[in-house]
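Enquirer: Chain by chain, the residues:
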Amino acid sequence: MDSDDEYVPNTRARGLTNAEGAYRWEDEYHRSWDVVQEDSGGSLAPAVNGIIDTAKRRKIKPMAPVHRGIIRNLVLVLDASLAMSDTDMRPTRFYSMISSASVFVTDFFSQNPISQLAIVVLRDGLAVLTSKLDGNPQTHLDNLAQLRKSQVSGQASLQNGLELANVLLSQTPQYNTREVLLVFGALMSNDPKPISQTIHKLVENKVRVKIIGLAAEVAICRQICTQTNMGESNSYFIALNEQHFQTLLSDSLTPIPVLKERESAAKSTDSAEPATAVRMGFPKRQLHSMSASLCACHQTLTKQGFFCPQCKAKVCTLPMTCPVCALTLIMSTHLARGYHHLFPLQPFNQTQGYKNPCFGCSVSLANRSQFECPKCHNIFCVDCDVFFHENLHNCAGCEVQNTDVQV
Amino acid sequence: MDSVDDTAAQLAKGVSYDEEIQSDSCSFLVVIIDLHSNGWLNKSQISLWKVLESLTVFLNAHLALNSSNELAVLGFNGLGARVLYSTTTAGKNADANDIANGIHLKGTMIRQFKKFDESVLSSIKAQIAEAKAKNVNGSTSVSGPLSLALSHLNRRIREKSSMRGHILIVSASGDDMGSKYIATMNTIFTAQKLGVPLDVANFGPPKSFLQQAAEFTQGSYLEFSEKDAEGLVHYFCSTFLVEPAVRKYVNMATKSNVDFSAVCFITKKILEIGYVCSVCLCIMQEIPEDNKCAVCHSQYE
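Top line first, the protein sequences correspond to chains A and B. Going by my numbering, 101 is the number at position 101 of the first sequence; the sequence numbering is gapless. Going by my numbering, 611 is the number at position 204 of the second sequence; the sequence numbering is gapless.
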């Protein structure tokens, strides 16, 4: 047996400790109302506005332009064991998880249009493939709706779930990412064999596992996450409540950075893991043709569709792999949806003392927090700042000014 | 007419009663006017002033439709984009300034409309004159004014839950994208997410990206040639005036055959089958001879 197989107890669990490494319950008691200070006029408004603004901006994270795996393959493993019938999330953990997962699937495909997803369910000690690895969000949503009607039962098996995910992911091409996102409500796992063997397989196959626990921290989950992420321990989380759970899920929408070792290997030698140019088709849409014809994907009569440029087969929706010639069919706009991950907007710096209204929405900035774009030096309000970084991914100031003017 | 009756009957019966259509729902219209001087010089197209005549009638109609409707007018040319008029800031000016500003009412003219017309037209003239004085010939992408328009809409929609937004782009110049492909696509996706339809009134050569923008956001894309000059008001009011909330009940005039073709990043040719870099997602017609991505310089297998 090798040393990795032994269970190494984590004496000071992350997430429970503060900056000094002490447990939260060993901390001094903080009175949250002491933080709010009155200004010279005795008003609380500036302090309260400050707190609100900080909360709004919490989601904006500095995004260094790193090499990210844009084409993703993700297996969503959902726990449907008896532990999921707990009612700490309303109505039960299971229903809450299915609702959040449906939102996640929709968002996942809008942000990662050429990626693929599969759904695996853990119940009765088995791992059941509920939704095949596929790029069409609607089939996954339908399958999730079906799953909603089923009951939770038995124990969960981490090993069976991960083994199945590993098999699914091992068929995918090398240039794609291989990810597992596991929602685990149980505190125990019913495994047929030592799970360490499975972890080795996952590491070998370069599968990266992220686990969101719904109950309490489980040591083996942390071990799985750490080992499959090259020792980085930032992929195991415990959801505190429904909202926190949704936040944790939505964190997985952004493509993960390619791991350092892989990246440096790719740079140093071209044998390691070079990029690939993938052959793809950009089909034309045919609208309202005179006669209906069968589509190659569902074998139904339709009057409109997209024609594969290689084999002229008709498909109903994009993106899709052509059912006849296996060419990946997409729209150029699907690719464009992924670009903002590659060219992220720089975070704005907080400033003060400007009299002009917000450059974006013309709201008055008096007594409000102000943010400056490091590139165009225009001043924005907190709402525009959040809007630019979370939705638009453009800075209005840079777009308006940065022109190719020939004077 | 039958379809209109059907819809009315449906609404009356409450079969598809929509909460969006309420008496207090109002809309915020942002008009983006292309003021590139070279865009309007072509003899075979409608002149800018002719368009503005119809446009002001349309904008007055928008304001008259509902007292809580709001409006912003943005202009863009080689110098960049700017807000020419906005009801949120303009409403505060007292009427007493009117006489000082030289605004005189004729006949049965309504003061607000006259005031609005004057201020929009004078700021449009000012922006054109400025570009002329500085001798600016370059062009800017529509992504700038669109980003600005969306941040205005984002604020108003957030502040007032009954507010619905829509955007009208009055476009003329030849190049609709410039070098800002990613930024423009970002604005289109954001409009889609906010539920803001992008309408396009195109007076210049056909533009595939604006067409895609309208298609994605359920807006209408209309091209106008010289023969439409007399009926512009009718086009504007029957298509672009329709509020976002009622659009699903109306057969909108639009050009439906949208071209989603991809363009090679290197040769700029339109492709049907191409190669996509797995690292940076750039589209290429052929794999370059040195086996390296032209954009991100990744080495290929």
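No lab work stands behind these hints: they were computed from the structure. The beta carbon of each residue, even a glycine, is placed where N, CA and C say it ideally should be. Mixed in with the good hints there might be a few duds.
Quick list of the computed label-pair ranges, beta carbon to beta carbon [as the list claims (entries may be wrong)]:
{"#": "1", "chain 1": "B", "residue 1": "K539", "chain 2": "A", "residue 2": "D251", "range": "50 to 58 Å"}
{"#": "2", "chain 1": "A", "residue 1": "C325", "chain 2": "B", "residue 2": "N473", "range": "21 to 29 Å"}
{"#": "3", "chain 1": "B", "residue 1": "N445", "chain 2": "A", "residue 2": "S291", "range": "42 to 50 Å"}
{"#": "4", "chain 1": "B", "residue 1": "V657", "chain 2": "A", "residue 2": "M290", "range": "51 to 59 Å"}
Enquirer: State for each hint whether it applies.
Expert: Results of checking the hints against the structure:
no.: 1; hint: B:K539 with A:D251: 50 to 58 Å; verdict: holds (51 Å)
no.: 2; hint: A:C325 with B:N473: 21 to 29 Å; verdict: violated (54 Å)
no.: 3; hint: B:N445 with A:S291: 42 to 50 Å; verdict: holds (45 Å)
no.: 4; hint: B:V657 with A:M290: 51 to 59 Å; verdict: violated (26 Å)
Hint compliance for this structure: hints 2, 4 are broken, all remaining hints hold.
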